[in-house]
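Peer 1: Take a look at the letters that make up each chain.
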Amino acid sequence: MSTTAGGARQQADQERRRGGFSSRRVFILAAIGSAVGLGNIWRFPYVAYENGGGAFVVPYLVALLTAGIPFLLLDYAIGHRHRGSAPLSFARLRRGTEGLGWWQVGICFVIAVYYAAVIAWALRYTFFSLDESWGADPEGFFFGEFLQAGDVRVTADVVPGVLVPLALVWLAVLVIMALGVQRGIGAVSLVFIPLLVLAFAALVVQALLLPGAAGGLDALFTPDWSALTSAPVWAAAFGQIFFSLSIGFGIMITYASYVGRREDMIGSGLVVGFSNSGFELLAGIGVFAALGFMAQAGGVAVGEVASDGIGLAFIAFPTIISEAPAGALLGVLFFGSLVIAGITSLVSVLEVVISAVRDKLDTGRLAATLVVGVPAAVLSLVLFSTTSGIYVLDVVDHFVNQYGILVVALISMLVVAWALRALTGLGEHLNVHGRPRVGTGWRVLTSLVAPAGLAVVLVFALQDDLSAPYEDYPGWLLLVLGWGLVVALPLVGFLVARLPWRAGTHLDGPPPGADPATPVSATAAAEPPPGNRPGTGQDEGGPR
Amino acid sequence: MSTAAIVMMVVAMLVIWGGLALAIASLVRHGAVEDRAENLHRDR
Numbered sequence: 001m002s003t004t005a006g007g008a009r010q011q012a013d014q015e016r017r018r019g020g021f022s023s024r025r026v027f028i029l030a031a032i033g034s035a036v037g038l039g040n041i042w043r044f045p046y047v048a049y050e051n052g053g054g055a056f057v058v059p060y061l062v063a064l065l066t067a068g069i070p071f072l073l074l075d076y077a078i079g080h081r082h083r084g085s086a087p088l089s090f091a092r093l094r095r096g097t098e099g100l101g102w103w104q105v106g107i108c109f110v111i112a113v114y115y116a117a118v119i120a121w122a123l124r125y126t127f128f129s130l131d132e133s134w135g136a137d138p139e140g141f142f143f144g145e146f147l148q149a150g151d152v153r154v155t156a157d158v159v160p161g162v163l164v165p166l167a168l169v170w171l172a173v174l175v176i177m178a179l180g181v182q183r184g185i186g187a188v189s190l191v192f193i194p195l196l197v198l199a200f201a202a203l204v205v206q207a208l209l210l211p212g213a214a215g216g217l218d219a220l221f222t223p224d225w226s227a228l229t230s231a232p233v234w235a236a237a238f239g240q241i242f243f244s245l246s247i248g249f250g251i252m253i254t255y256a257s258y259v260g261r262r263e264d265m266i267g268s269g270l271v272v273g274f275s276n277s278g279f280e281l282l283a284g285i286g287v288f289a290a291l292g293f294m295a296q297a298g299g300v301a302v303g304e305v306a307s308d309g310i311g312l313a314f315i316a317f318p319t320i321i322s323e324a325p326a327g328a329l330l331g332v333l334f335f336g337s338l339v340i341a342g343i344t345s346l347v348s349v350l351e352v353v354i355s356a357v358r359d360k361l362d363t364g365r366l367a368a369t370l371v372v373g374v375p376a377a378v379l380s381l382v383l384f385s386t387t388s389g390i391y392v393l394d395v396v397d398h399f400v401n402q403y404g405i406l407v408v409a410l411i412s413m414l415v416v417a418w419a420l421r422a423l424t425g426l427g428e429h430l431n432v433h434g435r436p437r438v439g440t441g442w443r444v445l446t447s448l449v450a451p452a453g454l455a456v457v458l459v460f461a462l463q464d465d466l467s468a469p470y471e472d473y474p475g476w477l478l479l480v481l482g483w484g485l486v487v488a489l490p491l492v493g494f495l496v497a498r499l500p501w502r503a504g505t506h507l508d509g510p511p512p513g514a515d516p517a518t519p520v521s522a523t524a525a526a527e528p529p530p531g532n533r534p535g536t537g538q539d540e541g542g543p544r
Numbered sequence: 001m002s003t004a005a006i007v008m009m010v011v012a013m014l015v016i017w018g019g020l021a022l023a024i025a026s027l028v029r030h031g032a033v034e035d036r037a038e039n040l041h042r043d044r
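Residue numbers (UniProt numbering), protein chains in the order written: chain A, 1 to 544; chain B, 1 to 44.
Derived from the structure by calculation, the hints contain no laboratory data. It is possible that some hints are incorrect.
[Unchecked claim] Some residues of chain A that are not near chain B, with every Cβ distance over 12 Å (derived):
no.: 1; residue: Glu50
no.: 2; residue: Gly135
no.: 3; residue: Glu139
no.: 4; residue: Ala167
no.: 5; residue: Ala231
no.: 6; residue: Phe274
no.: 7; residue: Ile411
no.: 8; residue: Leu414
no.: 9; residue: Gln463
[Stated by the list, open to error] What follows is a list of derived Cβ distance ranges for each label pair:
no.: 10; chain 1: A; residue 1: Thr440; chain 2: B; residue 2: Ala21; range: 23 to 31 Å
no.: 11; chain 1: B; residue 1: Ala21; chain 2: A; residue 2: Arg153; range: 47 to 55 Å
no.: 12; chain 1: A; residue 1: Ala301; chain 2: B; residue 2: Leu14; range: 22 to 30 Å
no.: 13; chain 1: B; residue 1: Ala21; chain 2: A; residue 2: Leu329; range: 24 to 32 Å
no.: 14; chain 1: A; residue 1: Trp225; chain 2: B; residue 2: Leu14; range: 18 to 26 Å
no.: 15; chain 1: A; residue 1: Leu329; chain 2: B; residue 2: Leu14; range: 25 to 33 Å
no.: 16; chain 1: B; residue 1: Ile24; chain 2: A; residue 2: Thr424; range: 23 to 31 Å
no.: 17; chain 1: B; residue 1: Ile24; chain 2: A; residue 2: Ala455; range: 28 to 36 Å
no.: 18; chain 1: A; residue 1: Ala328; chain 2: B; residue 2: Leu14; range: 32 to 40 Å
no.: 19; chain 1: B; residue 1: Leu14; chain 2: A; residue 2: Arg153; range: 47 to 55 Å
no.: 20; chain 1: A; residue 1: Arg498; chain 2: B; residue 2: Ile24; range: 39 to 47 Å
Ideal Cβ positions, reconstructed from N, Cα and C, are used throughout, including at glycine.
Pulled out of the complex, with its shape left as it was, chain A reads as follows (with noise of 0.2 Å):
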């Protein structure tokens, strides 16, 4: 007994230096933080439209409750019961998996290093569109003035425009980061969740009142019910609720790691699950909206204006901008909204190489945050704020979403569900506390609806990539940054899982203390004391 409470009580002095979200409020907003970014404003308006409009609900409500939850939730009871980032998770749910864990955090980095670009963008149009610097020909600035953009090839000429905002944003990113899971990432959501709502409210709300508004909102909500027959909808509708959820690629278990151990975490991912798809929904009508009003400005139909991703954000909403009364404040309310969504969401993407290097090395928060940021933040200087820096990150962004993110997604849902069959004592570990109880229905949705949602997707990705290159792109690029990324992150994932995990780490199942089923009086020697609490922030900061 004396060895459990001392192994209980090295766990929870481990979990005091990891840290923790002081709550669940905290923890919920950091993970709404995560899961709604860039995609929730310029993908699913899009999405919606192309796939049925109205009559894509069906397909979109069937894919949230099916995978899109029971995903989430797979992904909390990992992280929650084995208390640590994806690798040490994994490794604790059985040793040999742990390179799925390593293979995620290498997505994550990737992610990370393009990710900020995107921000640094909105970044320095949130400034342009207080005088629409762009005048009358927004894509032409973007591509042109703005990023510099010549033939498709990698070069070094750098972008000063590009190169001081992103700088700005790195800069910014680390602070959050070493400031601390807590005191960091968790202020951070704190404050941003709730402005970013706001500021998206308000941008609904002029959106419309602008002329033509209706006629957009008509276009993306008429239902073409022909769509629900078509095997291409629902695998939009699968993919739209993944990569929206950031579910998949360790996000959610390194956060849901640092929640305390008798909370609800059903109850709070159906919370996050639904707030994600309120903001998509809240996007759809702001966005469209807007697109309406271009359409009846321009003279022609909203199919013609409708776009999606950069075209969408850079070039249509600075033409919307420029046309729209107050488009100004129209303009730094998008942008900022871009902005703010990209930062925490990029903050939870770090957070995963960041938590998983400090359970490998046991290196303090400061020394984690230097040694994952400054190279992520050299890369992405070097990588994207130069001339050729759009195509890179196009090439990129595709390839790690469709074929990173997604295989080693549907890779983990499947070792964890079939290989090891540990469905069920993740399942009754999220029913200790949680409401409402998951069992036999969830252990089928994520065993076999999910995956198959997702493997369908994946073929649907396969068949358009095979039959044409991506966007045109020469092969040597698609070969390099495309296929051959893909193709590393699992190797090196699994060799960097080979290393030797520091001394002292508990990788044979759960930790002590780790189950919330005991009792309280039983588990406090595994509890850090009060105001010591995982969360109280008090491992944050600073090297040790």
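With chain A fixed as given, assemble chain B onto it according to the hints.
Peer 2: Only chain B this time, still in chain A's reference frame:
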């Protein structure tokens, strides 16, 4: 806006935002029970 578009917009709002409201209400209700249990324990 067409009637079909209005209906689908309202349905989407009710299901997604209604689902969020229900999820928050459920979490708050359940969370309150947990808090009370912990407070009772501390009183011993």
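Peer 1: Does the no-contact call for Glu50 (chain A) survive, Cβ to all of chain B over 12 Å?
Peer 2: holds (16 Å)
Peer 1: Could you say whether the range 18 to 26 Å given as a hint is met by the Cβ separation of Trp225 (chain A) and Leu14 (chain B)?
Peer 2: With a Cβ separation near 19 Å, Trp225 (chain A) and Leu14 (chain B) satisfy 18 to 26 Å, so the hint holds.
Peer 1: For the hint 24 to 32 Å, verify it against the beta carbon of Ala21 (chain B) and that of Leu329 (chain A).
Peer 2: 30 Å Cβ-Cβ, so the 24 to 32 Å window holds.
Peer 1: Check the non-interface label on Glu139 (chain A): least C-beta distance to chain B beyond 12 Å or not.
Peer 2: It holds; Glu139 (chain A) is separated from chain B by about 30 Å at its closest Cβ, greater than 12 Å.
Peer 1: Hey, does Leu414 (chain A) actually stay past 12 Å from chain B on C-beta?
Peer 2: holds (28 Å)
Peer 1: Report holds if the minimum CB distance from Ala231 (chain A) to chain B is greater than 12 Å, and violated otherwise.
Peer 2: Non-interface label stands for Ala231 (chain A): nearest chain B Cβ at 22 Å, farther than 12 Å.
Peer 1: At 12 Å, judged by beta carbons, does Ile411 (chain A) keep clear of chain B as stated?
Peer 2: holds (30 Å)
Peer 1: Would you check whether the claim that Gln463 (chain A) is not at the interface survives, using Cβ distances to chain B and the 12 Å cut-off?
Peer 2: holds (29 Å)
Peer 1: Could you tell me whether the CB distance from Ala328 (chain A) to Leu14 (chain B) stays inside 32 to 40 Å?
Peer 2: About 35 Å separates the Cβ atoms of Ala328 (chain A) and Leu14 (chain B), which means 32 to 40 Å holds.
Peer 1: Decide, holds or violated, for the assertion that all CB atoms of chain B are farther than 12 Å from the CB of Gly135 (chain A).
Peer 2: holds (33 Å)
Peer 1: State, for the Cβ atoms of Thr440 (chain A) and Ala21 (chain B), whether the hinted interval 23 to 31 Å holds or is violated.
Peer 2: holds (28 Å)
Peer 1: Is 23 to 31 Å a correct range for the gap between the Cβ atoms of Ile24 (chain B) and Thr424 (chain A)?
Peer 2: With a Cβ separation near 29 Å, Ile24 (chain B) and Thr424 (chain A) satisfy 23 to 31 Å, so the hint holds.
Of the hints listed earlier, the one the structure fails to meet is number 6.
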